[in-house]
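**Student:** Chains as they are written, first to last, in my numbering: chain A, 184 to 540; chain B, 6 to 262.
FYI, nobody ran anything at the bench for these hints, they're computed from the structure. Certain hints may be false.
[Stated by the list, open to error] Straight line, CA to CA, 25 Å or less: simulated BS3-like cross-link-like pairs of lysine-lysine:
no., chain 1, residue 1, chain 2, residue 2
1, B, Lys-14, B, Lys-193
2, B, Lys-97, A, Lys-371
3, A, Lys-379, B, Lys-233
4, B, Lys-54, A, Lys-370
5, B, Lys-54, A, Lys-371
6, A, Lys-379, B, Lys-193
7, A, Lys-370, B, Lys-97
8, A, Lys-379, B, Lys-245
9, A, Lys-475, A, Lys-394
10, A, Lys-529, B, Lys-204
11, A, Lys-371, B, Lys-14
12, B, Lys-200, B, Lys-229
13, B, Lys-200, A, Lys-394
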Amino acid sequence: MRGSHVVGEAAVRAGCRFYAGYPITPQNELPEYLSARMLDVGGTFIQGESEIASINMVLGAAAAGARAMTSSSSPGIALKQEGISYMAGQELPAVVINMMRGGPGLGNIAPSAADYFQATRGGGNGDYRTPVLAPAGCQELAELTFVAFDLADKYRTPVMLLGDGLMGQVMEPVVFPDFIDLESLPKKEWALTGCKGREARAIFSMYLGQKGELYYHNLNLQEKYDRITASEQRWETVMTEDAELVVIAYGTAARIAESAIEELREEGMRAGLFRPITLWPFPVAPLRQVAKKCHKVAVFELSLGQMLEDVILSVGERAEIYFYGLPGGIIPTPADVAEFIHSSQKADGKVGRRIEV
Amino acid sequence: MNAELAYKKVFGRPESLKDAHTHYCPGCGHSIAHRLVAECLDELGLREKTIGVPPVGCAVLAYNYFNFDMVEAPHGRALAVATGIKRVEPDKFVLTYQGDGDLAAIGTAETIHAANRGEEISTIFINNAIYGMTGGQMAPTTLVGQDATTSPGGRVPKLHGRPIDISRMIAICEGTVYVERCAISSIKNIRRAKKAIKKSFQCQLDGLGFSMVELLSPCPTNWKLTPKDAWAWINDVMVKTYPLGVIKDSTGYEDKK
């Protein structure tokens, strides 16, 4: 099944009954899939007049208690940042799918991964964080879509699933999780349902009070972000146990790196892979442990070095850090990445570069 | 005469309004508009099934005054948010309450497309021809010649563009069933406004489509007029750009005179 369709089917199975989005390549197969699938399950599909309208429709649907989702690609996600910031402040759950493309601006429609900063740091205003899940392949697209909805509801926050144009297009076999029973989900006691039999409720992000209301609101949000950081880090390690060099990559880049590492292992080189699955919260401590043992890490990204900053913050001087990145939607082959790994091993600077900390 | 008859309550606070002091300036139209909305909801028995969306602007804190569920929308996005709510809860009564900057400038796209989709939502559009909350800047609806802090000396079409008549634009949309422009500028006009609001609410209850009531509303503070002169300015000046009356009515309702 095609990656974009996988996300659509997984969302429906995870209980999503509201989708709004605006066409943008390379993720159009997702809204196209849902435009028909939502009808089957009695849900709502709306093609909004813009990305901004779409994210705000999701905001409304979330306030009314629905599992709601929108999707877009990089420049469209830029437009959705307003709504994401509001939902963070209002503590509304929603899932935002981003199939990244090349930037800045209109860039191109190739599968870049230059929006790590946009996803993990956010372009919206305020002291907020957005959990970001980075799948590497169709099976994980399905599973992490479920995780995204659960995290969103559990912590009442927008959650982003960060793929790229390649992942949205690629076809792989998938085993879907079963449909969840919507009735089995915890009741959303905060949702707006009309005030019959109770006090009227308001959902808002503005705190104008002079008694530190916004100060305490932010502290409460931070306490939540601390809980997410403590409990929700996800990562995968491949052959890191005996590795003398560990490649750090996520998403499509991790798939390419894994192929390269398999080849190098056959040649007898002890290489491994550390793949962050949550980009925020970044798996700092697990990476630090791996770096301490291997003494050499090689960061590979489909950008000019964004996750690299989190690697530097995590690893510091515990290991030598090498970096190789390609901008503009260029996808290197496993052989190219193998060259980078060799070059990092020899520290000859032929492919990529040493990062001085 | 028995006691019950002697002390019959003839006027009080509608249940759809909270017992709260508003932050609105003296003579502001919002307080009256809030009351009209609340009275109509009470009379139609809608309070407990209503979900409202206030604007960003002077009425941003309306959830402190209205006694029903409300969710804040980003500036201009009220009708997108309301769309999400109504589609998830079609049996609830969904209304937006928006000013001219919110509805006719930053939220123009959301407004027109919600209307054109025929969303079953009722919108109260407060047109005071000025940005009130931010301190009197030129609004999309500011009249030609009207003084504002960003059109000093008066709005000049060549420099600042012309006032927008969004109600007529909304009326063109096929999904819109009812648009009327009223004014908070006399007892008679206020009564007419209440009728229009109630009719708009009925449109939603009957599932007809989108409806909107525009209220020309006094802003004495930023117009730099007394409340009394502000009413007179609406009646003498503002109605020339924004004539009162029904702009579109495809409801098929027979109005009770």
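**Student:** Decide, hint by hint, whether the structure agrees.
**Tutor:** These are the hints, each one checked on the structure:
no. : hint                    : result
1   : B:Lys-14 <-> B:Lys-193  : holds (23 Å)
2   : B:Lys-97 <-> A:Lys-371  : holds (17 Å)
3   : A:Lys-379 <-> B:Lys-233 : violated (40 Å)
4   : B:Lys-54 <-> A:Lys-370  : holds (19 Å)
5   : B:Lys-54 <-> A:Lys-371  : holds (17 Å)
6   : A:Lys-379 <-> B:Lys-193 : violated (34 Å)
7   : A:Lys-370 <-> B:Lys-97  : holds (19 Å)
8   : A:Lys-379 <-> B:Lys-245 : violated (43 Å)
9   : A:Lys-475 <-> A:Lys-394 : violated (47 Å)
10  : A:Lys-529 <-> B:Lys-204 : violated (79 Å)
11  : A:Lys-371 <-> B:Lys-14  : violated (39 Å)
12  : B:Lys-200 <-> B:Lys-229 : violated (30 Å)
13  : B:Lys-200 <-> A:Lys-394 : violated (41 Å)
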